[in-house]
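Visitor: All chains, full assembly: derive it from the sequences and hints.
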Amino acid sequence: MKASVVRELGKGFELADVDIASPTGREVLIEVKASGLCHSDELAANHDLGYAPPMVLGHEVAGIVTEIGPDVTQFKVGDHVVGCLVQFCGVCVRCREGKTSLCLNPDATTRREGEEPRLTENGKPVAQGMALGGFAQQALIHENQLADVPKEMPWAQAALLGCGVVTGAGAVLNTANVQPSDAVVVIGLGGVGLNAINGAITAGAATIIAIDIADDKLERAKAFGATHVINSKTQDPVAEVLAITGIGADAVFDFVGVGPVTEQGFKMVAPGGGLYLIGVLDPTATLNISSMEMLMTRRRVQGVYMGNTNAKRDIPLYAKLYLEGRFELDSLVSKEISLGEINEGYASLKDPTIARVVITDLS
1 MKASVVRELG KGFELADVDI ASPTGREVLI EVKASGLCHS DELAANHDLG YAPPMVLGHE
61 VAGIVTEIGP DVTQFKVGDH VVGCLVQFCG VCVRCREGKT SLCLNPDATT RREGEEPRLT
121 ENGKPVAQGM ALGGFAQQAL IHENQLADVP KEMPWAQAAL LGCGVVTGAG AVLNTANVQP
181 SDAVVVIGLG GVGLNAINGA ITAGAATIIA IDIADDKLER AKAFGATHVI NSKTQDPVAE
241 VLAITGIGAD AVFDFVGVGP VTEQGFKMVA PGGGLYLIGV LDPTATLNIS SMEMLMTRRR
301 VQGVYMGNTN AKRDIPLYAK LYLEGRFELD SLVSKEISLG EINEGYASLK DPTIARVVIT
361 DLS
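For the sequence shown, my numbering assigns the number 1 to the initial residue and increments by one for each residue that follows.
Be careful, since some hints might not be right.
Stated by the list, open to error - Only pairs whose alpha carbons sit at most 35 Å apart, straight line, appear in this in silico DSBU-like list of lysine-lysine:
| hint | residue 1 | residue 2 |
| --- | --- | --- |
| 1 | K320 | K222 |
| 2 | K33 | K320 |
| 3 | K335 | K11 |
| 4 | K267 | K2 |
| 5 | K33 | K124 |
| 6 | K267 | K11 |
| 7 | K350 | K151 |
| 8 | K76 | K99 |
| 9 | K33 | K233 |
| 10 | K335 | K222 |
| 11 | K99 | K151 |
| 12 | K233 | K151 |
| 13 | K267 | K151 |
| 14 | K151 | K33 |
| 15 | K33 | K11 |
| 16 | K151 | K335 |
| 17 | K233 | K222 |
| 18 | K2 | K33 |
| 19 | K233 | K99 |
| 20 | K99 | K335 |
| 21 | K222 | K124 |
| 22 | K33 | K76 |
| 23 | K267 | K350 |
| 24 | K76 | K124 |
| 25 | K335 | K2 |
| 26 | K233 | K124 |
By construction, these hints were calculated from the structure, which means they are not laboratory data.
Computed from a prediction, not measured in an experiment: that's the story for all the values here.
Guide: Here you go:
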């Protein structure tokens with residue numbers, strides 16, 4: 001099959017012929033129909049995140065089941081599915097509680113050492129990023145990392161459900177548990193931040209304040225349903241949020257992850273509210289907060305990974321909401337490309353008018 005391979009960190013993606021194994025155990029082979037370009041894959045292609053080249057990345061993947069392993073119980077040939085990078089065993093204490101994003105044995109969805117690799121090139125192993133490897137014509141994935149979606153779901157929009165949607169909307173709906181009377185702030189209006197607005201609308205939040213430095217992104221946020229927008233390059237975002245809400249926001253979502261921005265976010269939080277950290281633009285960023293201030297105001301700070309998602313529950317839900325016209329995904333798909341255009345696709349994401357880029361031509 002054709003796959004886009006990273007051969008050396010920092011050298012981009014290149015098309016290659018890669019062999020894919022037949023499914024065993026609980027593995028599912030899918031024909032890839034769409035794969036989204038997420039910044040996490042770009043990061044993995046340029047920095048050592050634990051995957052050694054050569055490797056096939058791509059974790060926002062949607063496709064059709066073409067073959068199943070002998071122990072698969074959740075899917076059949078012909079099903080439409082979406083992959084999710086949350087790996088879980090299904091049997092540990094966290095999984096039994098339904099908290100699959102906190103699984104204690106996530107490697108249960110991968111092949112064991114000594115087993116035939118899922119991907120090879122000229123007989124040599126090729127790493128499969130996040131146990132998905134969606135930048136290819138086919139993908140071999142454990143059934144725990146797949147969720148089914150209705151066949152009416154468009155492929156490009158379906159692919160986004162596996163990461164950007166569950167991360168953004170899940171932070172609002174699962175982690176913060178936003179309520180109808182709440183005021184929320186979304187800082188950073190990329191594809192994930194826009195899905196937080198989707199989540200806030202689904203939750204019925206009374207006030208949705210969107211913050212960015214790009215006017216194009218602010219306009220898109222208004223189209224998504226933000227009640228207020230703030231350009232933090234020309235306005236004082238803390239003062240503006242306090243002016244709009246009176247006491248601050250019940251939930252502030254930071255999709256940027258830069259120290260000064262995060263500290264501003266904390267100042268926007270109302271007494272008893274929370275700051276939720278999702279973005280990691282600067283992995284070394286630290287937060288300087290007074291413990292006494294946190295104690296007296298009951299503010300909290302919480303990290304969020306993958307929107308605390310339970311993919312088996314959340315992905316079908318978001319697909320249903322989309323098909324009912326209650327969850328905006330169409331305007332997120334700014335550009336569709338071929339499997340051989342990944343380098344150009346990532347370059348185009350530097351344009352603030354581009355929300356998401358999706359591979360839909362896998363010929």
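Visitor: Decide, hint by hint, whether the structure agrees.
Guide: To see whether the hints hold, each was checked on the structure:
Restraint check for K320 and K222: the C-alpha separation of about 23 Å stays at or below 35 Å, so the hint holds. Only pairs whose Cα atoms come within 35 Å are accepted, and K33 paired with K320 is accepted, the gap being roughly 19 Å. For the proposed pair K335 and K11, the alpha carbon gap of about 23 Å is at most 35 Å, so the pair holds. This hinted pair does not check out: K267 and K2 have alpha carbons roughly 49 Å apart, beyond 35 Å.
With a CA separation close to 26 Å, the supplied pair K33 and K124 stays within the 35 Å bound. A hinted pair counts as satisfied when its Cα atoms are at most 35 Å apart, and K267 with K11 does not qualify at roughly 40 Å. Distance restraint check for K350 and K151: the Cα-Cα separation of roughly 32 Å lies within the 35 Å cut-off, and the hinted pair is therefore satisfied. With a CA separation close to 25 Å, the supplied pair K76 and K99 stays within the 35 Å bound.
For the given pair, K33 sits about 39 Å from K233 by alpha-carbon distance, which is inconsistent with the 35 Å threshold. Under the criterion of a C-alpha separation no larger than 35 Å, the hint pairing K335 with K222 is consistent with the structure, at around 20 Å. Taking the CA atoms of K99 and K151, the gap is near 27 Å; set against the 35 Å cutoff, the hint holds. For the proposed pair K233 and K151, the alpha carbon gap of about 43 Å is over 35 Å, so the pair is violated.
Between K267 and K151 the alpha-carbon distance is near 45 Å, which puts this suggested pair outside the 35 Å criterion. Taking the CA atoms of K151 and K33, the gap is about 12 Å. The hint holds against a cut of 35 Å. A threshold of 35 Å between alpha carbons decides the hint, and for K33 with K11 the separation of about 26 Å falls inside it, so the pair holds. Straight-line distance between C-alpha atoms of K151 and K335 comes to about 22 Å, which keeps the hinted pair within the 35 Å bound.
Distance restraint check for K233 and K222: the Cα-Cα separation of roughly 18 Å lies within the 35 Å cut-off, and the hinted pair is therefore satisfied. As the CA atoms of K2 and K33 are separated by approximately 13 Å, the hinted pair is consistent with the 35 Å bound. For the hint pairing K233 with K99, the CA-to-CA distance comes to about 38 Å; that exceeds 35 Å, so the pair is violated. Of the supplied pair hints, the one linking K99 and K335 holds, its CA atoms being roughly 34 Å apart against a limit of 35 Å.
For the hint linking K222 to K124, the alpha-carbon distance of about 50 Å lies beyond 35 Å, and the restraint is violated. Using a Cα cut-off of 35 Å, the hinted pair K33 and K76 holds, with the two alpha carbons roughly 17 Å apart. Of the supplied pair hints, the one linking K267 and K350 holds, its CA atoms being roughly 29 Å apart against a limit of 35 Å. A threshold of 35 Å between alpha carbons decides the hint, and for K76 with K124 the separation of about 30 Å falls inside it, so the pair holds.
Restraint check: the Cα-Cα separation between K335 and K2 comes to about 21 Å, which is no more than 35 Å; the hinted pair holds. The straight-line distance between the Cα atoms of K233 and K124 is roughly 50 Å, outside the 35 Å bound, and the hint therefore fails.
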